[in-house]
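Novice: Taken in order, these protein sequences are the chains called A and B. Here the first sequence is numbered in this note's numbering, starting from 1 and rising by one per residue. Here the second sequence is numbered in this note's numbering, starting from 263 and rising by one per residue.
Just so you know, the hints here were simulated from the structure itself, not pulled from any lab data. Please note: incorrect hints may appear among the correct ones.
[Claimed, not checked] When the alpha-carbon atoms are kept at most 25 angstroms apart in a straight line, the in silico BS3-like pairs for lysine-lysine are as follows: (1) K775/B with K217/A; (2) K714/B with K406/B; (3) K279/B with K406/B; (4) K352/B with K146/A; (5) K303/B with K634/B; (6) K146/A with K183/A.
[Claimed, not checked] Now the stretches of chain B that chain A is said to cover, found in silico as 3 or more residues with beta-carbon under 8 angstroms: (7) 556 to 564; (8) 756 to 767.
[As the list claims (entries may be wrong)] To give a feel for the contact side, a few chain A residues facing chain B, derived at Cβ under 8 angstroms: (9) C158; (10) G227; (11) G239.
Computed from a predicted structure; not experimentally measured. C-beta: ideal position from N, C-alpha, C; glycine also.
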Amino acid sequence: MKALSQKRRHPLAAIALLLMGLLLTGGLYAVATTVNEAKASTADFTASDTEEGQKLFEANCATCHGMGAGGTQDGPSLVGVGAAAVDFQVGTGRMPMQMNGPQAYKKPAQFNEQQTHQLSAYVASLGPGPAIPEAGVLDEQGDAAKGGELFRTNCAMCHNAAAAGGALTRGKFAPALADVSGKHIYEAMVTGPQNMPVFSDSNITPEGKRDIVTFLKQIESTGSPGGADLGALGPVSEGLFVWIAGLGVIIAFTIWLTSRTS
Amino acid sequence: MSAASTAKAPAYVANTKVGRITDFVDERVGGSGILREFGRKVFPDHWSFMFGEVALYSFVILLLSGTFLTFFFDPSMAETHYNGSYTPLKNVEMSVAYSSSLDISFDVRGGLFMRQVHHWAALLFVASVAVHMLRVFFTGAFRKPREMNWVVGGVLLILAMAAGFTGYSLPDDLLSGNGLRIIDGVIKSIPVIGTYTSFFLFGGEFPGTMIIGRLYVLHILLVPALILLMIVLHLFMVVVHKHTQYPGPGRNDGNVVGYPLGPVYAAKAGGFFFIVFGVIALMAAFFTINPIWNYGPYDPSPVSAGTQPDWYIGWVDGALRLMPGVLGDFHFEFVVFGYVLTLNVLLPALVPAGLVFTVLFMYPWIERWITKDNREHHVLDRPRNAPTRTAIGMAGFTFYCVMWAAASSDLIATHFMVSLNDVTYWLRALFFLGPIIAFVVTKRVALALQRKDREIALHGRETGRIVRLPHGEFIEVHAPLDEYKRYKLVGFESPVPLPAEPNEHGVVTRKEKRRAALSRWFFEDRVAPATPAELEASHGHHEAVEAGAGQKTLSH
Numbered sequence: 001m002k003a004l005s006q007k008r009r010h011p012l013a014a015i016a017l018l019l020m021g022l023l024l025t026g027g028l029y030a031v032a033t034t035v036n037e038a039k040a041s042t043a044d045f046t047a048s049d050t051e052e053g054q055k056l057f058e059a060n061c062a063t064c065h066g067m068g069a070g071g072t073q074d075g076p077s078l079v080g081v082g083a084a085a086v087d088f089q090v091g092t093g094r095m096p097m098q099m100n101g102p103q104a105y106k107k108p109a110q111f112n113e114q115q116t117h118q119l120s121a122y123v124a125s126l127g128p129g130p131a132i133p134e135a136g137v138l139d140e141q142g143d144a145a146k147g148g149e150l151f152r153t154n155c156a157m158c159h160n161a162a163a164a165g166g167a168l169t170r171g172k173f174a175p176a177l178a179d180v181s182g183k184h185i186y187e188a189m190v191t192g193p194q195n196m197p198v199f200s201d202s203n204i205t206p207e208g209k210r211d212i213v214t215f216l217k218q219i220e221s222t223g224s225p226g227g228a229d230l231g232a233l234g235p236v237s238e239g240l241f242v243w244i245a246g247l248g249v250i251i252a253f254t255i256w257l258t259s260r261t262s
Numbered sequence: 263m264s265a266a267s268t269a270k271a272p273a274y275v276a277n278t279k280v281g282r283i284t285d286f287v288d289e290r291v292g293g294s295g296i297l298r299e300f301g302r303k304v305f306p307d308h309w310s311f312m313f314g315e316v317a318l319y320s321f322v323i324l325l326l327s328g329t330f331l332t333f334f335f336d337p338s339m340a341e342t343h344y345n346g347s348y349t350p351l352k353n354v355e356m357s358v359a360y361s362s363s364l365d366i367s368f369d370v371r372g373g374l375f376m377r378q379v380h381h382w383a384a385l386l387f388v389a390s391v392a393v394h395m396l397r398v399f400f401t402g403a404f405r406k407p408r409e410m411n412w413v414v415g416g417v418l419l420i421l422a423m424a425a426g427f428t429g430y431s432l433p434d435d436l437l438s439g440n441g442l443r444i445i446d447g448v449i450k451s452i453p454v455i456g457t458y459t460s461f462f463l464f465g466g467e468f469p470g471t472m473i474i475g476r477l478y479v480l481h482i483l484l485v486p487a488l489i490l491l492m493i494v495l496h497l498f499m500v501v502v503h504k505h506t507q508y509p510g511p512g513r514n515d516g517n518v519v520g521y522p523l524g525p526v527y528a529a530k531a532g533g534f535f536f537i538v539f540g541v542i543a544l545m546a547a548f549f550t551i552n553p554i555w556n557y558g559p560y561d562p563s564p565v566s567a568g569t570q571p572d573w574y575i576g577w578v579d580g581a582l583r584l585m586p587g588v589l590g591d592f593h594f595e596f597v598v599f600g601y602v603l604t605l606n607v608l609l610p611a612l613v614p615a616g617l618v619f620t621v622l623f624m625y626p627w628i629e630r631w632i633t634k635d636n637r638e639h640h641v642l643d644r645p646r647n648a649p650t651r652t653a654i655g656m657a658g659f660t661f662y663c664v665m666w667a668a669a670s671s672d673l674i675a676t677h678f679m680v681s682l683n684d685v686t687y688w689l690r691a692l693f694f695l696g697p698i699i700a701f702v703v704t705k706r707v708a709l710a711l712q713r714k715d716r717e718i719a720l721h722g723r724e725t726g727r728i729v730r731l732p733h734g735e736f737i738e739v740h741a742p743l744d745e746y747k748r749y750k751l752v753g754f755e756s757p758v759p760l761p762a763e764p765n766e767h768g769v770v771t772r773k774e775k776r777r778a779a780l781s782r783w784f785f786e787d788r789v790a791p792a793t794p795a796e797l798e799a800s801h802g803h804h805e806a807v808e809a810g811a812g813q814k815t816l817s818h
């Protein structure tokens with residue numbers, strides 16, 4: 001310590017300090033960016049996957065997304081969207097899109113798992129992008145309570161606190177999240193499909209995303225402790241129910257009670 | 263009744279022990295007199311007369327279930343970490359109020375059921391009050407001598423909404439916190455006193471640590487006490503005024519046709535209480551309401567999609583949703599002397615509600631002024647027989663419903679797959695046009711129904727039986743009505759416009775002219791009830807047809 005304090009007046013001290021500062025900033029920056037680094041991860045994909053995927057792509061997707069997925073007037077470029085985006089869009093049936101509109105609807109998937117895999121392989125080969133999440137983050141063994149807090153802060157304003165979905169402007173909407181697989185939820189967070197923003201790994205860590213998936217799966221499996229949940233839509237469905245069912249039954253009784261006289 | 267028969271006979275000694283005890287009590291409190299008086303009170307019978315009862319019973323159920331909840335609820339906003347059995351909230355930081363609400367739901371035996379009973383009963387309470395008021399309005403039951411009771415009823419409606427809202431906020435979950443935030447915003451938009459009032463209510467900047475405790479006191483003490491007081495006044499006046507009745511043979515403003523309270527009605531009313539209780543209990547057992555565990559603890563930063571108040575506050579929320587912030591280049595937010603005046607919050611929050619309640623409270627006097635009708639009315643109007651009043655009521659109802667629908671604009675958009683913006687634009691248009699359309703349509707429908715009544719009174723009911731006369735003509739046989747049914751169709755008042763009259767100085771004042779204009783607007787379109795002379799004439803007409811007179815037809 002004494003040696004260090006004696007050398008602080010050394011002519012090279014300022015340079016050394018500057019160097020240290022630069023190294024630290026650069027190092028931190030490097031760490032920060034790798035957190036968010038797009039992974040090209042073509043590791044899982046074989047060359048034949050990519051090849052088959054390209055054929056499928058050209059037959060089914062190129063009309064809008066263009067040959068080589070460079071994008072056209074009708075569809076965006078898919079270079080760099082990553083395997084996760086393809087797996088989500090094709091896996092949930094949103095792509096190929098039924099028709100142009102404010103938002104693509106979920107529908108029965110048009111491609112089987114293998115074909116989806118091949119399409120993902122092809123698009124992933126075009127440029128680095130988010131990879132299909134590994135099983136480790138989808139084990140639903142995270143902290144549901146933390147996931148719930150993250151969900152309420154980041155997701156509930158569109159998807160509703162009970163994940164029942166909600167409206168956005170001009171015909172767009174945030175869908176309900178029941179019956180959505182953990183993988184697709186995770187992929188939606190990293191790729192930001194349709195009108196959803198991207199929640200990058202520096203925004204919500206993979207651990208946080210795992211918690212969110214855990215939370216959503218847990219509330220789904222818990223069910224509704226208080227009886228039929230009326231769509232989990234809050235006071236509107238409750239009000240509708242009390243007016244139509246509650247008051248309706250009571251009116252039936254009042255008519256019965258007064259039917260025998262005058 | 264046995265008490266009545268054993269009373270007032272000093273020398274009398276009852277045979278049984280129960281009889282002797284009854285006699286003892288009666289000699290000291292005079293219960294038999296009260297019982298006799300009440301037991302003989304006559305009530306007419308109609309299903310639409312029972313909504314007030316539903317409201318009363320819901321209120322009793324609210325008191326019972328609410329008392330249970332107070333045993334376990336802790337209205338403290340102190341911070342705690344949840345440690346109950348609902349794992350998705352394990353260890354989450356929250357207020358004691360929310361934590362104890364969760365405990366009621368998951369760890370108190372029967373707690374969730376009682377919470378749901380309380381909440382469903384609250385929704386049903388306000389709904390039955392509202393339907394009761396609609397019935398009273400559309401049948402003209404608010405007319406003399408019941409104007410004041412109408413006002414008491416209006417106060418009860420406001421108190422019911424206040425009770426509901428203060429209760430809605432108590433669990434301190436995200437949903438109720440968002441609701442409070444809107445109320446806070448509305449209060450702050452009031453010029454000059456707004457921010458002071460908000461700080462006073464919340465004990466500092468929103469949300470503070472006071473509000474739940476304060477709302478709790480209002481919810482379990484002040485508001486229910488006021489409701490009870492108003493119910494007492496309300497029922498007292500019902501006894502004083504006697505019940506109204508629908509028009510019918512033998513019924514007039516000087517009598518009440520029906521059955522006495524005791525014993526049949528007392529039994530029916532007692533049974534009806536348990537029916538209402540049963541319906542609420544079934545709803546509470548099978549349908550979840552306000553699943554507070556879904557919403558999480560209140561925190562000012564998150565807002566959930568689909569955040570709505572309970573139905574009775576919905577119309578005010580809807581008005582807020584309908585209000586544009588900017589209209590073309592016109593902004594609804596001004597800076598006056600360095601202070602912000604946000605009309606885009608102030609106008610929708612206060613004006614429609616103010617308008618609805620002002621007209622609601624004033625209406626009996628408005629109609630009385632227009633008609634100059636100072637007589638007592640105990641026989642109700644069928645809604646069609648007061649077309650303009652019915653149309654005014656439907657206009658107000660539509661105005662309310664448009665705002666009500668606007669509170670669920672997001673759910674309308676998602677569930678009917680339409681654009682949220684379009685829903686808002688349509689509802690904005692309907693906010694202004696809806697009441698006008700409703701007024702015109704209702705008035706025409708009422709007049710048409712009156713014409714139909716007149717037609718039936720004069721020519722009888724269409725039997726659907728087609729008869730071919732000897733000379734080849736086809737006629738449909740109309741069955742004449744019996745006298746009871748005909749009375750219902752012809753026995754109503756049909757006022758004519760009352761022209762302006764000079765006052766005691768012989769001057770027709772401007773106010774009187776305005777009144778006359780309103781009277782014309784009220785009564786110029788009218789279908790007069792069939793007169794005895796017309797009935798007589800049409801009767802002859804029928805006989806002629808049935809006798810087969812050639813030229814007469816009924817094909818109209």
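Novice: Run every hint past the structure and note whether it holds.
Specialist: Evaluated hints:
For the hint linking K775/B to K217/A, the alpha-carbon distance of about 71 angstroms lies beyond 25 angstroms, and the restraint is violated. For a cut-off of 25 angstroms, the pair hint linking K714/B to K406/B is broken: about 29 angstroms separates their Cα positions. Among the hinted pairs, K279/B with K406/B is inconsistent with the structure: their alpha-carbon atoms are about 49 angstroms apart, more than 25 angstroms. Taking the CA atoms of K352/B and K146/A, the gap is near 9 angstroms; set against the 25 angstroms cutoff, the hint holds.
Between K303/B and K634/B the alpha-carbon distance is near 31 angstroms, which puts this suggested pair outside the 25 angstroms criterion. Simply put, K146/A and K183/A have alpha-carbon atoms about 19 angstroms apart, close enough for the 25 angstroms limit, and the pair holds. Proximity of the segment 556 to 564 of chain B to chain A, defined as three or more residues with a beta carbon under 8 angstroms from a beta carbon of that chain, is established by the 6 residues found. Counting residues of the segment 756 to 767 of chain B whose CB lies closer than 8 angstroms to any CB of chain A gives 0, so the stated coverage by that chain is violated, three being the minimum.
Here the hint on C158/A is kept, as its CB sits about 5 angstroms from the closest CB of chain B, short of 8 angstroms. The interface hint given for G227/A holds, since its Cβ lies 5 angstroms from the closest Cβ of chain B, which is under the 8 angstroms cut-off. Annotation: interface hint on G239/A holds; nearest CB of chain B at approximately 3 angstroms, less than 8 angstroms.
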